[in-house]
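Here's the letter readout for the chains.
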Amino acid sequence: MSALRNFNLRDKGAEIWAGWNRPVRTVFVITFVLLVGLLPFAPSWGPTSFLNTPITSFENVLVYPVGMFVLMALGLNIVVGKSGLLDLGYIAFFAIGAYSQAILSTLYGWNTWQALPVGMGLAMISGVILGLPALRVRGDYLAIITLGFGEIIRIVALNLSVTGGPNGIAGIPNPPTIFGFEFNLMFPEHFFWLVLAMILLTIWMIRRFTVRRPGRAWEAIRQDEDVAALMGVNTLIYKLWSFVIGAAIGGAAGVVYASKVMVISPDMFKFEVSILILACVVFGGMGNIWGVALGASILAYLPERIRFIADERQIIFGLVLIIMMNLRPDGLLPRKKREKIEEKRTM
Amino acid sequence: MNFSVITTQFWSLVLQGLALGLIYSLVALGYTMVYGVLRLINFANSEVFMLGTFAVLWVEIEVLGHPVTAKPLAGFELVYTLVIALVGSMIACAVLAVLVELVAYRRLRARGAAPLSSLISAIGVSIFLMETMRMFTESRPQTAPRLLDKWSFGEIAGANFRIDTVLAIISPIVIFVILDQFVNRSRLGKAIRAVSLSEENAKLMGININRVISLTFLIGGLTTGAAAFLYTTVYENTVFNVGFNMGIAAFTAAVLGGIGNIRGAFYGGLALGMMEQFASAVLGSQWKAVTVFVILVLILLFKPNGLFGEAVQKTRT
Amino acid sequence: MNKKIVSGLAIAAATTLALGVVVSSPANAAAKKSVTLAFQGPLTGPDAQLGQDQFPGAEWAIALYNAKNPAVKINLIKADSQCDGTVAANIAPGVAANKAVIGVIGTSCSGEARNSFPAYKAAGLTMVAPSASAVSLTDPKAPDRGFPIFHRVVAHDGFQAPALVRYATKGVTSPKIYLVDDQTTYGAGLIKYAIAPAKKIGVAGTDSVPRGTADWTSVASKVKASGANVVIYGGYTAEAAKFFKALRDGGYTGILAAGDGVNTSDFPDLAGKAADGVRLTAADVPFDSLLTAAELASFQKITGVKVPGLYSATAYNAAQVFITCIEQGKLTRPAIQICVKNTTFTGAGGSKIKFNRYGDIIGGADVGGYLVKNGKIVYDAIA
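Protein chains in written order, with my numbering: chain F, 1 to 347; chain B, 348 to 664; chain D, 665 to 1047.
There could be a bad hint or two in this list.
Far from chain B, by Cβ distances over 12 Å, these chain F residues were calculated [what the hints assert, rightly or not]: (1) ILE16; (2) TRP20; (3) VAL27; (4) VAL33; (5) GLY164; (6) PRO176; (7) GLY180; (8) PHE187; (9) VAL244.
Sample of chain D residues facing chain F (criterion: CB under 7 Å; computed from the structure) [unchecked claim]: (10) ALA743; (11) ALA753; (12) ASN754; (13) PRO757; (14) GLY758; (15) GLY775; (16) ARG778; (17) PRO782; (18) ALA786; (19) PRO807; (20) ASP808; (21) GLN847; (22) THR848; (23) THR849.
If you're looking for bench data, these hints aren't it; they were derived computationally from the structure.
All residues carry an ideal CB built from backbone N, CA and C; glycine is no exception.
Produce the entire structure from the sequences given, and follow the hints as far as they go.
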């Protein structure tokens, strides 16, 4: 038991990575990305066919929930994991992205690529509008404000006529062909590759941020906000930045999602999804990109894989959360030891 | 917008807001007591409430043998039936709350995990309990027999002083007075306050931390159980996901009043109950939640620790 | 129930452990020729009651058919959509990819139906829905219509809503109507189509109360203040029971009325005395009222459900549509589609079902009016 407890795969991985030179790293990354990219074909190849999901379509599950959850968990990880702010309404940014795409495409005929920057921009603006007042309060007060924000966005969508009320918006077009990739029902794997590209871009972006000034500021804020402020870090600005970047990722995911499902309605953006994505972040290992990606993949994939146990599968899902958090409280792949703060018992 | 309803129904809305708000307050205690000591959101409390409502049903229907179609009771039989149902619900909730602490929090706490890990573990408990109850009830809403006939003491200024409304106002006040006295006067109450101020120091003073923590969960469970009883008596029905909305409302109430603070839970619940009643009467029920959250944000902007928040800011990670 | 959970947990625990090892096996052990139907609806999650009520209707119809030892057996698989468009968008391609599936009983909800259409249309897989009643699904001009694969054995909101208004105000002198919906696709849709006919009579006010609301006293106060004497609710049983109780306890004495979402056998129990005299309409009929005692006993034995729930009759009918076609030897998706389009079917209680071009029942405009009397829902008149 204690061996399991003290074993840190993340540190082990970092050690191995540090021991490699540049060409080896490049080869490893390319192979890894290629393997992930081949995932949609896993069910049709013997040895990996056990991955197939009963009843639901595996290729589509890879796009949503798996891919989208990974993307959103990475975005939420900037807020929760990097700068230590508890956000319980992350789904709001996803909803804003999705509704931007839906309204722009059905009313003004914009395509997905044109709507993408607008959806991200709107999500970022709403991130600022929410963040400016909300980030002045701390800890669990922030949690309830973000929770409220998520609910407000959903309720507004439920009550306005431009968002179609409870019926939502139908007839959203698929994204137009790009680089020879067609996006429609026949090619769910193209959507997966699109989401995969977005995930890789996000990971690259987060890694750049982490080694630069914002990353250090977030780390300082997470460990002790007062000390960070004392050392001259403009905490509000950096918290706001983490919020806005997280929002942009959520918004981008929403835009792509809306153009994949073609019909959206307010009940897709419920509080439960915010909670699930938060669970992905913590389950995988707060603050660690690879942990978060792994956690989100597992939590999104598991309920689909056990779909043959129709009625009890949510119970299993709850049990998995309890057991795993008890066995690995810091998540599957926790952040590096040196990044971990001295956890005070009285926190 | 419908302002005429304020002029004609003002006192009626106030009275109903009181009754609803005080039920929120009792559930809010389940969040606030735990937060005061452990600094974490006891996410599973909503499911403790849910179980309480089913415990009331079980006691009334199975144990005491009053079918759903039973006629209202009177006199001594009414009193003891309600008391047994209340006690049953409180015990069930207290036991479950303590169990939740053992299963979801204790191990994590012993290993110094971040509060967020406990939150996720609590969410797991919550999903597990809710889905298990869903299977037991075959997803159907359940109803409680009307044992307490809803007679009225009379109307004053349009407010109808009905027995269940009065009961839902008086009993929480009694519970809050007792609890306030307990926490401020008794030895155990002092231990709770000591742990909530500083766990390390309390430990140095020879306080058994685990026992105190179990005690706070027990108290939170007892008040949540009382709330479940009042809820079932007033609204006479429940369903497996009844805890969800109640949980969000009670958590909001706790934050509004200043989480971690017993009096804060009381006033936070009251304020929330009033806001909900008036918002849904004037603006329409669809805008109720939006109004509540906007007011909450405004209050937190001016009083960042809630109406009765702790004097010292405590950061969390 | 208890046993079911324990065994379920055991299976589930075992499968979770062995997740990496087990290969998903199609539950298709029958040596004889067999075809598969999928039931798509919410079986877990917050809306689970809707699907859990319907599923037994379909389950029973298919069990009766299989008991006759036919040449072609029918398997029924559960596709749990949780009434959630996001889930349905994954389920539909999955079900469509399963070559054994030749028809879909569902969907239960209108929202998920729209997210399922693209995949089912591409696969030519026929749907017969027991309860998705949003008007747009069969509207030839709507962007989210289900033509040509979507059919439903339930009257849509545009039929039911005016009938509901008519029936609710029957015999009331100078009616003033208060309309309340529950902000779901079903409830809000029903009230949307009730407002126009209600306005011709006189509207006292409207409100939208989200599903799951416990405290209805403020709404009751508003209704009282508005002077309304007819209240029409668009939503489901649980909320209707709370709402009507709050109204009666608050001293409201006028008419109470609601649509088929409330017309379930457990409504009188849930609402208690407040249920007395409530006027209900239904495009669906309480299933037990159509069954003989022996049939009901068989239903209870096979499904383990004591009282058939809302839309179990339509779920039975939807299953009957497919069963009839399969009995005629139509075993491929295109054959089923043609058969469903062209055949006249016999539903529960001997009703005749024939679909029009866009998937609605021809002549399905009759909406029944029901009254609650002494704790029972009894048929009153055509609404």
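Interface hint compliance - D:ALA743 to chain F, C-beta minimum distance less than 7 Å: holds (5 Å)
With a cut-off of 7 Å, does the beta carbon of D:PRO782 approach a beta carbon of chain F closely enough for the hint to hold? At about 5 Å, which falls below the 7 Å cut-off, the nearest Cβ of chain F leaves the hint on D:PRO782 intact, so it holds.
Beyond 12 Å from each Cβ of chain B, as asserted for F:PRO176: Fine: 37 Å to the nearest Cβ keeps F:PRO176 off the interface.
Is the Cβ of F:ILE16 farther than 12 Å from every Cβ of chain B? holds (26 Å)
May I ask you to test the interface hint for D:ALA786 with respect to chain F, counting a Cβ-Cβ separation under 7 Å as satisfied? At about 5 Å, which falls below the 7 Å cut-off, the nearest Cβ of chain F leaves the hint on D:ALA786 intact, so it holds.
Closer than 7 Å between Cβ atoms is the bar; does D:PRO757 clear it against chain F? Give me holds or violated. holds (4 Å)
Per-residue hint verdict: D:PRO807, partner chain F, C-beta under 7 Å: Interface hint status for D:PRO807: holds (3 Å vs cutoff 7 Å).
Does the claim that F:GLY180 lies off the interface hold, with its Cβ farther than 12 Å from every Cβ of chain B? holds (42 Å)
Are all C-beta atoms of chain B more than 12 Å from that of F:TRP20? holds (31 Å)
Classify the hint on D:GLY775 as holds or violated, based on whether any CB of chain F lies nearer than 7 Å to its CB. holds (5 Å)
Are D:ALA753 and chain F close enough, Cβ to Cβ, to be under 7 Å, as the hint says? holds (5 Å)
Under the criterion of a CB-CB separation shorter than 7 Å, is D:THR848 in contact with chain F as hinted? holds (6 Å)
When the structure is compared with the earlier hints, no violation turns up for any of them.
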